[in-house]
Every structure is written in structure tokens, then in C-alpha cells.
Amino acid sequence: MIPRIYTLAAVVAVAAAIAATRACGQDTTTTPPVGPGVRLGLSYPRGTSPKVVVMPVDPTPGDSVRTIIQRDLDYGDRVTPLVLDDLTLMGMTPANGQSFNYPLFASLGVAAIVQAKRTGSGFRVALFDVSAGRQLASRDFRVAGIPPNRDAALADSITVAITAREKALRDSVQRVLRLRADVMRKPRLTKDTRERRFVVRDSLRRDSAAAAYLRRGIARWEDERRDSVATYIGRSAARAAREDSTARTAAGEGERMGVHGISDEVERWITGRSGIAASRITYVHSGLIRIVDSDGANDRPLTNDGLSLSPSWHPTGKKLIYSKFLDAGGGTQLEEIDLVTGKIRKMGTGGLNITPAYSHDGRYIVYSSGSESGTDLMMVNADGETGRQRLTFGRGTDNGSPTFSPDGRQIAFFSTRSRFPQIYTIDIDGANLQLLTPFTPGIRSYRAAPDWSPDGRAVAFEQQNGDFQVWMISVRDKQPHRLTSEGENEGPSWAPDGRHLSLSSTRGGSKQIWVLDTESGRFRQLTRKPGARLSAWSPMVRP
Amino acid sequence: MHAIARTAGVAVILAALFAGCSRKPVNRPVPRRINADSLALEQMRQDSIARVQAARAASAAAAAAAAAAGPATTAAVTSAERTAMTATVYFDLDESALAEEATAAVEAKAPVLLRHPAMRVRITGHADSQGADEYNLALGLRRAAEVKRYLAALGIDESRIEIVTMGEESPAVEGDTEEAYALNRRAEFEIIAGG
Numbered sequence: 155m156i157p158r159i160y161t162l163a164a165v166v167a168v169a170a171a172i173a174a175t176r177a178c179g180q181d182t183t184t185t186p187p188v189g190p191g192v193r194l195g196l197s198y199p200r201g202t203s204p205k206v207v208v209m210p211v212d213p214t215p216g217d218s219v220r221t222i223i224q225r226d227l228d229y230g231d232r233v234t235p236l237v238l239d240d241l242t243l244m245g246m247t248p249a250n251g252q253s254f255n256y257p258l259f260a261s262l263g264v265a266a267i268v269q270a271k272r273t274g275s276g277f278r279v280a281l282f283d284v285s286a287g288r289q290l291a292s293r294d295f296r297v298a299g300i301p302p303n304r305d306a307a308l309a310d311s312i313t314v315a316i317t318a319r320e321k322a323l324r325d326s327v328q329r330v331l332r333l334r335a336d337v338m339r340k341p342r343l344t345k346d347t348r349e350r351r352f353v354v355r356d357s358l359r360r361d362s363a364a365a366a367y368l369r370r371g372i373a374r375w376e377d378e379r380r381d382s383v384a385t386y387i388g389r390s391a392a393r394a395a396r397e398d399s400t401a402r403t404a405a406g407e408g409e410r411m412g413v414h415g416i417s418d419e420v421e422r423w424i425t426g427r428s429g430i431a432a433s434r435i436t437y438v439h440s441g442l443i444r445i446v447d448s449d450g451a452n453d454r455p456l457t458n459d460g461l462s463l464s465p466s467w468h469p470t471g472k473k474l475i476y477s478k479f480l481d482a483g484g485g486t487q488l489e490e491i492d493l494v495t496g497k498i499r500k501m502g503t504g505g506l507n508i509t510p511a512y513s514h515d516g517r518y519i520v521y522s523s524g525s526e527s528g529t530d531l532m533m534v535n536a537d538g539e540t541g542r543q544r545l546t547f548g549r550g551t552d553n554g555s556p557t558f559s560p561d562g563r564q565i566a567f568f569s570t571r572s573r574f575p576q577i578y579t580i581d582i583d584g585a586n587l588q589l590l591t592p593f594t595p596g597i598r599s600y601r602a603a604p605d606w607s608p609d610g611r612a613v614a615f616e617q618q619n620g621d622f623q624v625w626m627i628s629v630r631d632k633q634p635h636r637l638t639s640e641g642e643n644e645g646p647s648w649a650p651d652g653r654h655l656s657l658s659s660t661r662g663g664s665k666q667i668w669v670l671d672t673e674s675g676r677f678r679q680l681t682r683k684p685g686a687r688l689s690a691w692s693p694m695v696r697p
Numbered sequence: 062m063h064a065i066a067r068t069a070g071v072a073v074i075l076a077a078l079f080a081g082c083s084r085k086p087v088n089r090p091v092p093r094r095i096n097a098d099s100l101a102l103e104q105m106r107q108d109s110i111a112r113v114q115a116a117r118a119a120s121a122a123a124a125a126a127a128a129a130a131g132p133a134t135t136a137a138v139t140s141a142e143r144t145a146m147t148a149t150v151y152f153d154l155d156e157s158a159l160a161e162e163a164t165a166a167v168e169a170k171a172p173v174l175l176r177h178p179a180m181r182v183r184i185t186g187h188a189d190s191q192g193a194d195e196y197n198l199a200l201g202l203r204r205a206a207e208v209k210r211y212l213a214a215l216g217i218d219e220s221r222i223e224i225v226t227m228g229e230e231s232p233a234v235e236g237d238t239e240e241a242y243a244l245n246r247r248a249e250f251e252i253i254a255g256g
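Residue numbers (the numbering used here), protein chains in the order written: chain A, 155 to 697; chain B, 62 to 256.
Keep in mind the hints are simulated off the structure, nothing from the lab. Worth double-checking, as some hints may not be accurate.
Claimed, not checked - Taking CB as the label site, the calculated pair distances span:
1. LEU587(A) with ASP153(B): 23 to 33 angstroms
2. SER664(A) with GLU156(B): 25 to 35 angstroms
3. ALA482(A) with ALA214(B): 25 to 35 angstroms
4. GLU162(B) with ALA482(A): 25 to 35 angstroms
5. ARG499(A) with GLU156(B): 30 to 40 angstroms
Quick reminder that beta carbons are idealized off the backbone N, C-alpha and C, glycines included.
Required output: the full structure, derived from the provided sequences and hints.
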């Protein structure tokens, strides 16, 4: 009984694999390339967050790819994924070759449907407009390091099993046939009828003996084949399950980023603006520089000892620069880590070297250098050694935490030149110093940790009025705007969309990195490491 | 007269403490739950505060002793001198200027350095955990630099003093209380040669 079930399963699996392939082959709709900022014409009320259903990607409940895309769309804060239970979804999945039951989706208030299907190299993703009842966009995505499809893996292993057994069968049949030929060759036919009759009878008997031998051989082979196919199926099912659970809990870094890329493109199809799921956040915990995906996955340390602070991204997103404390009395030095090779480059100059930042084109590093005569901004070529020049002359005051304007022409930083730290801007040659954050002299108002938004319009910073809170200020009209109020919130860093911020907050009890949507005020916790701080959001990760 | 002045001084300090309290966040933390652990923790915190306060008192006493000890010598550094030299100097919130008590503590170090010309020291500036971590690094350096500047003004060769900062990264007392903050805003002294 059991072997028959396996055979049945195998047949179903193979059929499913074939059906999937055919479905992919049929779906040849291509959409003309869409430029950035162009919406595809999905109709939903302006200023609302359209509801979207993400269809299951694999025919398994709670599959990881759908979960990742749903979560990304949710975290993007521009569309609302409608999370339906698997049974409901099963009823809403169209049979092969048929279209969606659009009125059914419309009755749930759904504006769009996202459907992703696995292909050999990644996914084919399509977006359907519910009110128009048609497909709006479709694109193939290459996703690196994707775990093999469970059905495909089964079909593969069955093919391997059958090929091996077929060879064994051919061999054994040939052996039987050779034997039979030998048997048939032996009796010599004479003209004696009786003898011939005997010979014929005898040969028939031998013939049937040979046939029985053949039958037995084939039967034995059947048994063996069944056993071995069962073994193969069992083994490959276990492997598929293992790979599937890996995919579910911690899919390879490459695959997760690939799926985030899909989410970002889907968000662009729907809203006209790309999402920020394919990005990472670096932060400091227990003195180590750590890195985490935008959805909180793949949280891992990059340094393994010592006390490091202030990680900052290279514009390519492939390198980080930070400052590291040396042994007692050794000061702090800048270090650069290559995220691809993991190699660390030390830029030892002696003394206090803190708060490094790359210029927008990656050609320069601006950082703070401290001495008895104060802490001032310095600029040096990307090699960390040549072309060093001083940008600020604070005369005993502190100047630090530089952040570039996205056009690369200005730097915002904190300075204590007016006693308490305030945010100032200068041109990159050190000229044209301007106060960005207005203050009343004599009244304590402490502002620090500035970060210039990617759209150039605002600078986020932390301000003390009793407790510490995150504010942003418009660069043009210098209008400050408070963003947080619960717990203490510090060290803001802009996401590439210029809308979300990562910051450290004690709102959950311990100090953790949280993500704030500055438009809706929604918070979500990114890290689960008490004492996490000094976060910096990466540029978009391009595969 | 003296007593009145002292009382006034205490009043000012108290006022400053209360003022400090009034600057607390609007969202007050939930009252701490009392259990064995929190009591032990509180005891540990009190002990560490007591230790630091004892060190402070000792440094003042040592300062007086050292001032009375006399001119330059090549003799070994006495334990009183060592205590005066390594006594911690404390700062006010977000300040690098030396307050009265801190000035006295630094002044007590000058005679030790003058009597032992081979002695070299390292000053490490610290900040409390309030405020921007990166700014606090600069603040710590500014505090150490201020002490060094004052010692130089008292006739100590600058090359004998090196300064570093730990920002808020190495607190003397753990915790988010005004007492802990006050004890963490400090400059620490380490004899690295000639002692």
C-alpha cells in the first residue's frame, strides 16, 4: 500500500511540475518598461493606502516568499496588504488558464492582486488591477540562491532513480536473454519426429523456465525499484522539507534581498514610488558593529571584538566606515569594512578620530578629529591618508557628526561654538557657515546627531528639552517639526525613501532600534538587542 | 558667617538637584517594582555611590596633606600623593568648566606633579549617558583638555600629560538616575610613568 501512495505522490508531483512549466510557458504577456515615478494606472482613491492581496507563491500554507512580500508592503506604509487565511485564498485562486474572480476581490475592497510564480531562475511576478479586471504588469525577476522548488526536486530525484533502475533493468534483461539464447542453442534438432517432439517439448519447458526466470527477475526488480524509489522520494522529501524550512525561517541572504527587490518593484507598480525593503541598517550593540535587513532578518555582527561606534555607509552600500577605540590611551581610529570580502582597512592617525562619513560620490571621507584645542571636522581622500584638510576652526569647541546634503555640496554637523550643541551647515570647502537650528541664547536647547534626508529637503536630529526627542527641520524655511514623544528617542537616520527613519528609542523599555514612518507616525521595532544604538540606513541594495 | 555661607551653598546644590528633577521627561517611568533583586541592585548602586563619595572625600583630605608636604623631591611617591593624583574630578551637566570642588581637586594634583618631575599622567574624560553618544565623546575630550589646561597653568609641563576620552562608553556607576549621572561626569587620572 505504502509504495503505491508514494508512486501516486510522485505522479502528482510530476504532473504538477509539468502543469507549472506549461503555465509559465503560456504566460508570455510582457509589459513595456515603466520609468520611475510613473504609475501604471491602477485606480484607487488618492491619498489612501490601496488594499492588495498577495497570492500564495507555492501551494503550501504560510509560504515564506508571500510572507516576505506582504511584510515588505506593510512596512513600506504606502499600500495595505490584505492578509487572508489559506482556506479563503484557496477558494480565490483561479484554476489553470482562468482569470481571477475580480468581483469577489472587489467585494473585499481589494485594489490589486500580486501573483508570483517560481521560474527556473527566480520569479515571474504579475500585478492585476481588480477594478479594471486585467493584468497591469508582469516581469521576470532573477533571484540568487533560491532554494529548489519542492515539486521540481521530487521530479528530479525520481528521474535519477528511474534512470539508474532502467540501466539495471536493461542489464538484467540482457542477461536473461543471453541465458535464454544459450538454452535455445543447446538442443540439436534431428529428423527423428519423436525426438523432435521431445526436443520441442523440452525446449518449450526450457522456454517457460526462462520466461519464469525473466518474470522472477522483473518482479524482483519491481520490488527493488519500488523500495529504492520510495527511499529516493523519502530522502528528497526530507531534503525539500529541510530546504523549505530554511527558506521559511532564514532564507539565504541573497534570496531574501531578491524577494525584497520584488516587493519594492510591486510597490512602484502600485504607487509610482519604489519601496525600501531591499536595504539594510547598521547599528552598534555591545561595542560591535552589526547589520540587519530592513525587515529585521539576518541580524549579524560585522566586527568581533573591541568597542566601535558611528558606522556610516559608503554610497555604493558595499562598504562601511566607523571609529574604533584602541587599547588604553590609544585614542580612536577610523576603520573601513568591505561587506563583500569582509576585509577591514585601518586608517591609523593617532588621537581622537570619530564620526566618519563618506561624501556622496565616495571620493572623500569627512570626520571629526579631536585634540586639546577642540574637535574639528577634517576632510581626507577616500584612502584615508592623502589630501587631509581642516574644514572647521572651532577654537576649542566641538564639531562633529557630519552628514552630506544629497547634492554633495554642503555638510550639516553639530557644533558647540554657541556653547550648547546646535546644527550648522557649511559648504564642503569649509566656507559659508550657517546656523540651521534657531535657538534662544541662554536657554538650554541641545541639538545633535544630524542626518540630511535623501531628498535634500530636511535634516533630522535629536533635541533635548528635558528628555531627548527626534525632530526634523526643513532646510529651506527652517521650520522645526517634532517627530517623537514616547520614551527617549535619539540618533535618527533616513531611509532611502526620505520618509522613514531608523532611530534608537526606549519606548519599549530597553533602548532598541525602531523604524518610524514620518508621515503616519507609525513605529515598528527593528532589533531585539537591548542597548542597540547609532543606527545608519543603507542606500538601496541593487542585485 | 562661614556656616551661613555653607548652608547657602548646600541650598544652592539642593536647588540645582531639584531643578534637575524638574527637567525630567513628561512621560514618567512606571514606579520600580520592589523585589529581592531590585533591593540588591539598589544596595549595589548605593554601595558604588558610597565608594565614589568616599574617594571624593579622601581626595580632598589628600589634597590638604599633599599641599603641606613641601618642595620637589626624587623620593618615592607616597600613598597620600598617589591618592591625590588619581582622585577623580567631577563636572556639572554638559559642562567642561571646572566647578569649585573640581578646581580644588585639580589644584591638589599640581604639587604632586611638581615634586615628581618624572611622573607622567593620562587623563580620561567621561560623560554621563544622557545625550548624543557622539557628542559625548567630544565632551569627554573637552573635560580632559580643561583639566590639562589648568594643570599647565599651574606650571606643569604639558608634555607630561596625555588626554583621551571615553565619552559615555565607560560609566563608573550604572543606572539612569541623577546620582549615577553626576558620578559619571568625570575625569579620571592614571599615572603612566614615574610613579
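Tested hints:
no.: 1; hint: LEU587(A) with ASP153(B): 23 to 33 angstroms; verdict: holds (28 angstroms)
no.: 2; hint: SER664(A) with GLU156(B): 25 to 35 angstroms; verdict: holds (29 angstroms)
no.: 3; hint: ALA482(A) with ALA214(B): 25 to 35 angstroms; verdict: holds (27 angstroms)
no.: 4; hint: GLU162(B) with ALA482(A): 25 to 35 angstroms; verdict: holds (27 angstroms)
no.: 5; hint: ARG499(A) with GLU156(B): 30 to 40 angstroms; verdict: holds (37 angstroms)
Of the numbered hints given earlier, the model fails none.
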